[in-house]
Amino acid sequence: MRIVVAMSGGVDSSVAAALLVEQGYEVIGVSMQLYDQTLADGVEAFGSCCSLSDLNDARRVAAALDIPHYVINLERQFDEHVVSNFVREYTAGRTPLPCAHCNSDLKFATLAERARGFGADAVATGHYARVEQDTASGRYLLRRGADTAKDQAYFLFSLSQAQLRAARFPIGDRDKGAVRAYARARGLPVADKPDSQEICFIPDDDYAGFVRSHAPHPPAPGVITDERGALLGRHDGIHRFTIGQRKGLGLSSSPTGEPVYVLELRPSDQRVIVGPKQALEKRTLTAAGVNWILERPETPRRITAQIRHRHTAAPAAVTAVGPDGAEVVFDDPQIAITPGQAVVFYDGDVVVGGGWID
Amino acid sequence: MRVYFDYNATAPLSADVADAIARATRDLFGNPSSLHHFGQQAKAALDDARSSVASLIGAEPTEIVFTSGGTEADNLAIRGLAEALEPSGRRHLVASAIEHEAVLNTLKALARRGWRTSLIPVAASGVVVREALEAVLADDTALVSVMHANNEIGTIQPIKELADLAHARGALFHTDAIQSAGKIPTDIKQLGVDLLAVSAHKFGGPKGVGALWIKRGTRMLPVLTGGKHERNRRAGTENVAGLVGMGAAARVAVEKLAGEAARVAAIRDELEAGILSRVPATAVNGARDRRVPNTSNISFDRVEAESLLIALDLEGVAVSTGSACSSGTLEPSHVLKAMGFAAHRTQNSLRFSLGQFSTKAEVEYVLGILPGLVEKLRTLSRHPGAVSSRS
Numbered sequence: 001m002r003i004v005v006a007m008s009g010g011v012d013s014s015v016a017a018a019l020l021v022e023q024g025y026e027v028i029g030v031s032m033q034l035y036d037q038t039l040a041d042g043v044e045a046f047g048s049c050c051s052l053s054d055l056n057d058a059r060r061v062a063a064a065l066d067i068p069h070y071v072i073n074l075e076r077q078f079d080e081h082v083v084s085n086f087v088r089e090y091t092a093g094r095t096p097l098p099c100a101h102c103n104s105d106l107k108f109a110t111l112a113e114r115a116r117g118f119g120a121d122a123v124a125t126g127h128y129a130r131v132e133q134d135t136a137s138g139r140y141l142l143r144r145g146a147d148t149a150k151d152q153a154y155f156l157f158s159l160s161q162a163q164l165r166a167a168r169f170p171i172g173d174r175d176k177g178a179v180r181a182y183a184r185a186r187g188l189p190v191a192d193k194p195d196s197q198e199i200c201f202i203p204d205d206d207y208a209g210f211v212r213s214h215a216p217h218p219p220a221p222g223v224i225t226d227e228r229g230a231l232l233g234r235h236d237g238i239h240r241f242t243i244g245q246r247k248g249l250g251l252s253s254s255p256t257g258e259p260v261y262v263l264e265l266r267p268s269d270q271r272v273i274v275g276p277k278q279a280l281e282k283r284t285l286t287a288a289g290v291n292w293i294l295e296r297p298e299t300p301r302r303i304t305a306q307i308r309h310r311h312t313a314a315p316a317a318v319t320a321v322g323p324d325g326a327e328v329v330f331d332d333p334q335i336a337i338t339p340g341q342a343v344v345f346y347d348g349d350v351v352v353g354g355g356w357i358d
Numbered sequence: 359m360r361v362y363f364d365y366n367a368t369a370p371l372s373a374d375v376a377d378a379i380a381r382a383t384r385d386l387f388g389n390p391s392s393l394h395h396f397g398q399q400a401k402a403a404l405d406d407a408r409s410s411v412a413s414l415i416g417a418e419p420t421e422i423v424f425t426s427g428g429t430e431a432d433n434l435a436i437r438g439l440a441e442a443l444e445p446s447g448r449r450h451l452v453a454s455a456i457e458h459e460a461v462l463n464t465l466k467a468l469a470r471r472g473w474r475t476s477l478i479p480v481a482a483s484g485v486v487v488r489e490a491l492e493a494v495l496a497d498d499t500a501l502v503s504v505m506h507a508n509n510e511i512g513t514i515q516p517i518k519e520l521a522d523l524a525h526a527r528g529a530l531f532h533t534d535a536i537q538s539a540g541k542i543p544t545d546i547k548q549l550g551v552d553l554l555a556v557s558a559h560k561f562g563g564p565k566g567v568g569a570l571w572i573k574r575g576t577r578m579l580p581v582l583t584g585g586k587h588e589r590n591r592r593a594g595t596e597n598v599a600g601l602v603g604m605g606a607a608a609r610v611a612v613e614k615l616a617g618e619a620a621r622v623a624a625i626r627d628e629l630e631a632g633i634l635s636r637v638p639a640t641a642v643n644g645a646r647d648r649r650v651p652n653t654s655n656i657s658f659d660r661v662e663a664e665s666l667l668i669a670l671d672l673e674g675v676a677v678s679t680g681s682a683c684s685s686g687t688l689e690p691s692h693v694l695k696a697m698g699f700a701a702h703r704t705q706n707s708l709r710f711s712l713g714q715f716s717t718k719a720e721v722e723y724v725l726g727i728l729p730g731l732v733e734k735l736r737t738l739s740r741h742p743g744a745v746s747s748r749s
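Chains as they are written, first to last, in the numbering used here: chain A, 1 to 358; chain B, 359 to 749.
One should not assume that every hint holds.
What the hints assert, rightly or not - Simulated crosslink set (SDA-like; lysine to any residue; CA at most 25 Å straight-line):
| # | chain 1 | residue 1 | chain 2 | residue 2 |
| --- | --- | --- | --- | --- |
| 1 | A | 282 | A | 308 |
| 2 | B | 734 | A | 308 |
| 3 | B | 734 | A | 73 |
| 4 | B | 466 | A | 36 |
| 5 | B | 734 | A | 68 |
| 6 | B | 734 | A | 77 |
| 7 | B | 734 | A | 67 |
| 8 | B | 695 | A | 80 |
| 9 | B | 586 | B | 397 |
| 10 | B | 734 | A | 26 |
| 11 | B | 695 | A | 77 |
| 12 | B | 734 | A | 121 |
| 13 | B | 695 | A | 75 |
| 14 | A | 277 | A | 227 |
Derived from the structure by calculation, the hints contain no laboratory data. All values derive from a computational prediction rather than experimental measurement.
Just chain B, same shape as in the assembly (with noise of 0.2 Å):
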């Protein structure tokens, strides 16, 4: 049996939105930006597309910039708006301390050309402390950047609490929504955010592909610069059947969200609730009751995540230690980290993502097999040296 709980890595696509990617491949070849019968037959999907992504978040579609994905979607919000601040003389720019590599790597690249940075600290329960941004709030902050929902541990932050706190001091607001929409209700105006960032394949569209939301009347310079294309704020040729198979996507979204949400719960529950009972010494990482539906954070007690991964990986079962972009690397957990846990629990943590495939069968499976592979690492870390050589 395979069973994929990697949602938050990628999600797999339905056969619809599979089916309107091979046809916009096939049918739609045109540019675009041409005049004639073929670029405006591409231009039409593309304008179908741009208003399915606009109703996934309650936006109107001349607000929303298609982007080459979610990176590139976090990428235009800062540095567009920090360079077009910049003559007003706003240049601080503030993060939370979780945030996806996207948004930290970001600040760190214009902190190196001389904008000021913050971090926001978040609490054990991976909740941005509120007083923590009114702290460090300036007269010269251009913009404050929070994520929705964490990547690796779900956690939903209180966004309007926040942009509002921003929009007092004069600072603009971004959100990257990259994992909450599609998974929660995501909605421009309740968030009261300036900007949010979406990718497609977060929630079953295709990799390459994302956008972001700008609230009307905002100052952005372009990041790709180049043509007129998508109102002269991200130059290039749109991904025209990438961005057909998003807007496939976001329709899908829209209409089962609330069932999905409701479904996908369940299960997750079922599979934190079984691995609690079953395993001994685990626990959740984050408040488990404001989190997005699908994502469950386990830490293990006395395990090697790595070598959990890859015996689960060796039963057909897919996981992961983090963000899909830190593997390979060393580096505890930055999120894990910012709770304030202790360096093993960085490191014995596994994130469980589940998503419209996932099926109370699989959930079974996994339960079935997870106590005894727990257990048979967990004897190997009592008894090392077992092999260990003399020298």
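So that you can see chain A by itself, here it is in the shape it has in the complex (with noise of 0.2 Å):
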């Protein structure tokens, strides 16, 4: 059987590919090539995140494996698909999850279907995920990965029952140690190699930046007031704030002395607004463009639900509100519930589903 393996030139995805050859698959590389690789003035930025370095690497480690490696350019498809989305929810006042997009709108999509021209019928990525199928009922389940420190299933609630059917995830139930001793072991060249950290295509995490010089109109200045509307301070765009930030607010201080948050952005009058830590705190959000992976319920469902990827699923109730709406009501409190980014449920450690945040 053929089997495609999106390389990303890190050691995650080299293993990914490394056992699905041990494994006896007919293992093909692929790189997704997803931004324009040179700067403005035509030189390359070297060294920086999912660079050509990085195609380098998954091309050394394909040789290494002795299997072939190709660079598909899917600049166009990221550009639509995910910086287009970054870009909008930033200036709507939302903090966007561009990795979720990317695998459910470019990997297990377009790549999908590009492997399936060449006969793949499976895609596999290195994901902190495990995909299995349930006998009973036939569906395809989505569980965690077994490092719970790496896990990364929140970012592939929104694939679909087909696409999880194509999916591989070849070190889901490995841990990150393990994934690099057997690497060590293998002699991948990339076996020490970092992890990454930023968005791959913002390798200097300057976002704000970036949402400017991508966004079709230039952000618009608005104020930074309290939850009552008393004017705090200036700023010079909506899209250089997330919910729950302290630092950065060009506060000099705050009225009571006491640490302000942002609680709000308010794209309507590019208003920011500011209080205290307990303010952040909500028991319920609605979600939008939910997909479940496991059977939509009927009547509310007890679940753990997780608001940001750095967070613990907390325990809650979910009930299915219209064609593809969620509201969740948490046994606790939880701070900062942002706008853009995902909430997803689970049943232990199995995906129920999940959707964006409103």
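Since each chain sits alone in its own frame, please combine them into the complex, following the hints.
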């Protein structure tokens, strides 16, 4: 059986490829070129994340595994599905989650279609997650990776049943230490390469600068007020803020002397509303674009809900609303529920479904 | 089965050429500029190679300047001449829109430094329009550069006619003959040019060596400055073993050219006719009646060329989507674009380029698998979204 492995040049996808080779599959390495690798003056940015050097690493690993390797140019699709959404969300006062869009709209969509074009019916990635078929219902289930610290199921909640059926996560039942040990034992040239941290297409982590230069209209300046509307300061665009942010507000001091946090971003009048920490606590949220991996519940269902990548899923009840909405009521208040991020529902380590926080 | 149909990217070496390089690497370590025995041996081998390369293009050995390849030869031709003519006030450079990047980007670099440049269009056939050259030639035109045969579609350009036009206005003429030398008769006198670039690895020699023929009396400044190598026109110790290989490949090419051209043309035509008849909605890009005998560039409607290239490679067949130098970019082929094709056609075209080791059996193998691969890709593109997301 022919399988395409999405190879980023990092240790996780490299080990995913190596494991599939070991399991006897005909493995084809594919690296996605997602954005222009050259700077405006035509000079390549050397040494940045997801750069040509990552593509070179992927190529070296493929050579070491003796598998074919291709670089596929998906710049246009990445821009349409991931970058434009990222910019639109920030300028609308929301905090986007580009990796989730990249998974459901690119890796397991465009790349999977290309893969089928050359005879590969499955796409494997180096995600810490697991997929398995439920024998009773025939459904494909998404589970958290065995390494709870590295688990990435959160970023995969929007995969459809057809996408999960074609997905393979070869390292999902290992922990990071075992993955690195395996890479070393196999002599893979990326065994000790550091994990990537930033958003891949913004290597310097200056996402505000990126949004400003990519937005169709320059972000508008606005005011910072407290909850009652009292003017506390000014800002040059709500895209620079996220819910729960404390640093970088540009306020000399808060009226009460207590630290203040971003509570709300209002795109209608470009207003940033700040307040004390306890005002960040909320017990409910609504979500849109909900994808149910298990059956859509007819009545409220007990679950745990995770509201950002680094958040411990908290006990809650979820109710399906309309065609693809949901309401979540937490048992205890949660801090900084952030529009634009995903809320993912779990039953134990099985993903029930998830959606985009309104 | 492994089939290599990408000779325009680079050609495999024959055993004789590889042996000649190995022998030279082992036995001729001397510096050809040295006065002693070891230097003399290397120099003699270099002279042999120079004569062989000269005879490939009907030139005198003393007019041949060895370079590190075709790109350097094109650079030397354009930069060396532009700089030499700068004091004369001739500051205008002309090239065709379908030149290799080695020419196009050299013109761009000179444009940034104040030279005036013009690109002349081609017809839908891929042939340069004579009137377009007439229209841009000016009193200060220093050089016109038009390739002899195009690397992507193989079209042969009317070099003699164009060179005569340039000369009538006092301009000099350079031709990039990298895709024609060794494939079709390439004679500097018949072409009537002043400068001509060749590259060894396109006609069965090794990579990293090439040559620029410079007509005697042409004023040139070196681009690489240093010692007095290559009659002061290109400094740097010569790549002796590589050039010995280039000489050997040139001798083979001269000897076999007529027979090989006919043989390769016959199997190329069989491949092309087979694709056109067995794969629906295909078309040949470029004039079929004036091409080098080894090249066929074919457009496959409703197919992403990149996907078809990979599908073929996984079945052992190596082809390309255009110039190897532009792989990995999303830029549509500048050649097909210059021919006036719509965007989709510039991204659904594959180049098949054959050569000395290509066989009928390989053509039959390719014709056996290609229709099925194309059909599969077309079926998928008719039903996109079968695996797509809900969002």
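Structure-based check of all given hints:
1. Distance restraint check for residue 282 of chain A and residue 308 of chain A: the Cα-Cα separation of roughly 14 Å lies within the 25 Å cut-off, and the hinted pair is therefore satisfied.
2. Proposed proximity of residue 734 of chain B and residue 308 of chain A is contradicted: the alpha carbons are some 41 Å apart, above 25 Å.
3. About 20 Å separates the Cα atoms of residue 734 of chain B and residue 73 of chain A, which keeps this hinted pair within 25 Å; it holds.
4. Our distance criterion of 25 Å between C-alpha atoms is met by residue 466 of chain B and residue 36 of chain A, whose separation comes to about 21 Å.
5. A C-alpha spacing of about 21 Å is found between residue 734 of chain B and residue 68 of chain A, which places the hinted pair at or below 25 Å, so the restraint holds.
6. For the suggested pair residue 734 of chain B and residue 77 of chain A, the alpha carbons sit about 22 Å apart, so the restraint of at most 25 Å is met.
7. In summary, the hint linking residue 734 of chain B to residue 67 of chain A is supported, as the alpha carbons are separated by about 23 Å, within the 25 Å threshold.
8. In summary, the hint linking residue 695 of chain B to residue 80 of chain A is supported, as the alpha carbons are separated by about 24 Å, within the 25 Å threshold.
9. In summary, the hint linking residue 586 of chain B to residue 397 of chain B is supported, as the alpha carbons are separated by about 15 Å, within the 25 Å threshold.
10. A threshold of 25 Å between alpha carbons decides the hint, and for residue 734 of chain B with residue 26 of chain A the separation of about 19 Å falls inside it, so the pair holds.
11. With a C-alpha separation of about 22 Å, the suggested pair residue 695 of chain B and residue 77 of chain A falls inside the 25 Å cut-off, and the hint holds.
12. Between residue 734 of chain B and residue 121 of chain A the alpha-carbon distance is near 13 Å, which keeps this suggested pair within the 25 Å criterion.
13. About 20 Å separates the Cα atoms of residue 695 of chain B and residue 75 of chain A, which keeps this hinted pair within 25 Å; it holds.
14. As the CA atoms of residue 277 of chain A and residue 227 of chain A are separated by approximately 12 Å, the hinted pair is consistent with the 25 Å bound.
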